[in-house]
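Asker: Sequence:
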Amino acid sequence: MPGLVVFGRRWAIGSDDFVLPGAFELFVRLVWWIGILVLYTVHKGQFNCPGGGLLHSYLLGLLILLASIICALSALVYISMQGTISNPGPRKSLPKILYTRLLLYFPEFIWAVVGAVWVSDNSVQCEKNVINGIIGTVIASWIIIVFTIIGVVIVFDPLGGKKTFYLPDGVSRNLESSQSGQLLYNVKSSATRVWEKRIRLLCCCIVQDDDHRVAFTSIAELFRNYFSDTDLVPSDIAAGLILLHQEQDKMENCPKEPEEVLCHSPSSLVTDDLDVELENAAHYMLFAAAAYGWPYYVYTNPYTALCKLNGDCCRNRPTDSDITGSDRHNFHFGSILKITGLQYRDFIHISFHNKIYEIPFFVALDHKKEAIVVAVRGTLSFEDILTDLSADCEDLTLEEVLENGFVHKGITQAANYIYRKLINDGILNQAFTIAPEYKLVIVGHSLGGGTASILAIMLRNSFPTLRCYAFSPPGGLLSKSLADYTKHFIVSVIVGKDLVARLSMPNMEDLKRRIVRIVANCNRPKYQILLRGCWYEVFGGDPDDFPTELDGRNQDALTQPLLAEESLMVHRSPSYNALEEESQLNSPPQYPHLYLPGKIIHIVEEGSSRRLCSSDIKYTARWSNETVFSSILISPKMITDHMPDVVLKALNSLSQEHGSCLSC
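As numbered in the UniProt record's numbering, residues 1 to 664 make up the sequence shown, in order.
Some hints could be false.
[Unchecked claim] What follows is a set of in silico ranges between Cβ atoms, one per label pair, in the way DEER data are often shown:
{"hint": "1", "residue 1": "I639", "residue 2": "R198", "range": "19 to 27 Å"}
{"hint": "2", "residue 1": "D395", "residue 2": "I639", "range": "27 to 35 Å"}
{"hint": "3", "residue 1": "T304", "residue 2": "E657", "range": "40 to 48 Å"}
{"hint": "4", "residue 1": "V152", "residue 2": "I617", "range": "43 to 51 Å"}
{"hint": "5", "residue 1": "S190", "residue 2": "N652", "range": "46 to 54 Å"}
{"hint": "6", "residue 1": "I110", "residue 2": "P158", "range": "42 to 50 Å"}
If you're looking for bench data, these hints aren't it; they were derived computationally from the structure. Just so you know, even glycine gets a beta-carbon here, dropped at the ideal spot from N, CA and C.
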């Protein structure tokens, strides 16, 4: 950090990133060199076989070449170990050593070709052990060359050579000038095109139409905006996440103030209300999980699911009028039946149709709770990911809300699609014709939870008694006015340190600033941070007390950026120049603060272990508020806490515990 500049362009790798891969290659080269030396020593004087003269020269040349590579690698690793992340000064000679190491690839390539030609020559009649040794050498050479090419492709930055994006020293930074304005346009359009190409490549397997192209451009601009103001490489981000995780664990281990503990003591009325909602949530989470179809059923029943589904694939097959979308072998519908425990006659409509902004859902009669349940599926396809990432804001105007509300654009379009299906196609009318006394309940997990929440807002006027249960919904969903409005009819359920529930553009910006701050001011080399961090994540122990420049500073000084941090946020690589700062001073934020919907139930583990695998987990639940989720927490469980099976397990555990308490 910043990105290494060689051959006149920036690369997505830092000058301190060669320690671990260089040490591994150095070990391989040493073992290789020793093996070749033993082979040469054992067979010395026995090269009088046909082709033996060439073999003798080949082995001598290989020994010299490997010794040169080992020396270059040793120097590369040693120099890369020097300094700290934010102090690359001691590593300023690394590009020269890197050039030397890269030059050695040319004779290595030539020697690999010579070895391949020698091995393939049928006239060679030397000992079999010698031939096998040369074959192994040739194979190892080609493997290293191939992996080197792959590594170069991975760290290649398409925008790294755009040196014209730097403003000349004599040019004013007034953005109204035509020259700086043109440079700003070039920066934005080039970066957006690069991200758009990457997204298209990732989504190459799906059919692309106008909606996809619009989404690609919108998502590309989102990524360009997010990554345009820092000069971080991937390993810097990894080191920052490790440091943040350990800092966070140290803060959690600190004893809480008495006032902080007392403020969470709930009244009996609130506790009773919480128990009721937890029981309802545990029941309706089955519907939200069932919306995922056979992938969820197979995931939770890996050994028996396929046999059970194969046995039922020809039974209860719905007619064409009951189901839309593809379910060729009836696996989706069979899984929904098994997860919910409902009968086929209880389903009003099932849709597995899936496109961008159009996600699957089903409508069913829940006789146990006397409810018509609309269950919306969460993220399960590339189209769903594009819907998630369409994070622009759009207005949602309601008469009950005094000020206009902002909502997540992609999720709102998905809610509009389901709303049109439910109302225009008469699906809800059909359901209430069958069960007029039932109430309407909308549920969903993840993307489905966000869609269910906005759908509930749209249907609230027509169905005043409507209830919505959003499990692990995205954090950047509703503006404050809408979030407050939904507290009367929406309940959100969040488990632990769920990443998605804290995912919003302001929170991501906050995470970026925290990463830059802690990485820039850590006084340890990056390789030590990564190695100790991996040990900590796998084997546990006490968090490392990494010394930083933040230590010993008073509270007022902590609000001011340090020099290393300032250089990271202001100095831009050739691809990420700071041309647009002045243009944004007087403009409203593109991504305003958005919040979770409704009242929030936060479920956490009692005496939680940081490890991914833990037996006999005990959960506790409490009412929470949106401010608790205003920062992304780093944890090995930040992904697993979002999974639907973990949410269902936590809710079932709390529900059973409450039931056992009542029986006692």
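Asker: Take the hints in turn and mark each one as holding or not.
Answerer: Verification of the hints:
no. : hint                      : in the structure
1   : I639 <-> R198: 19 to 27 Å : 22 Å, holds
2   : D395 <-> I639: 27 to 35 Å : 32 Å, holds
3   : T304 <-> E657: 40 to 48 Å : 28 Å, violated
4   : V152 <-> I617: 43 to 51 Å : 45 Å, holds
5   : S190 <-> N652: 46 to 54 Å : 51 Å, holds
6   : I110 <-> P158: 42 to 50 Å : 30 Å, violated
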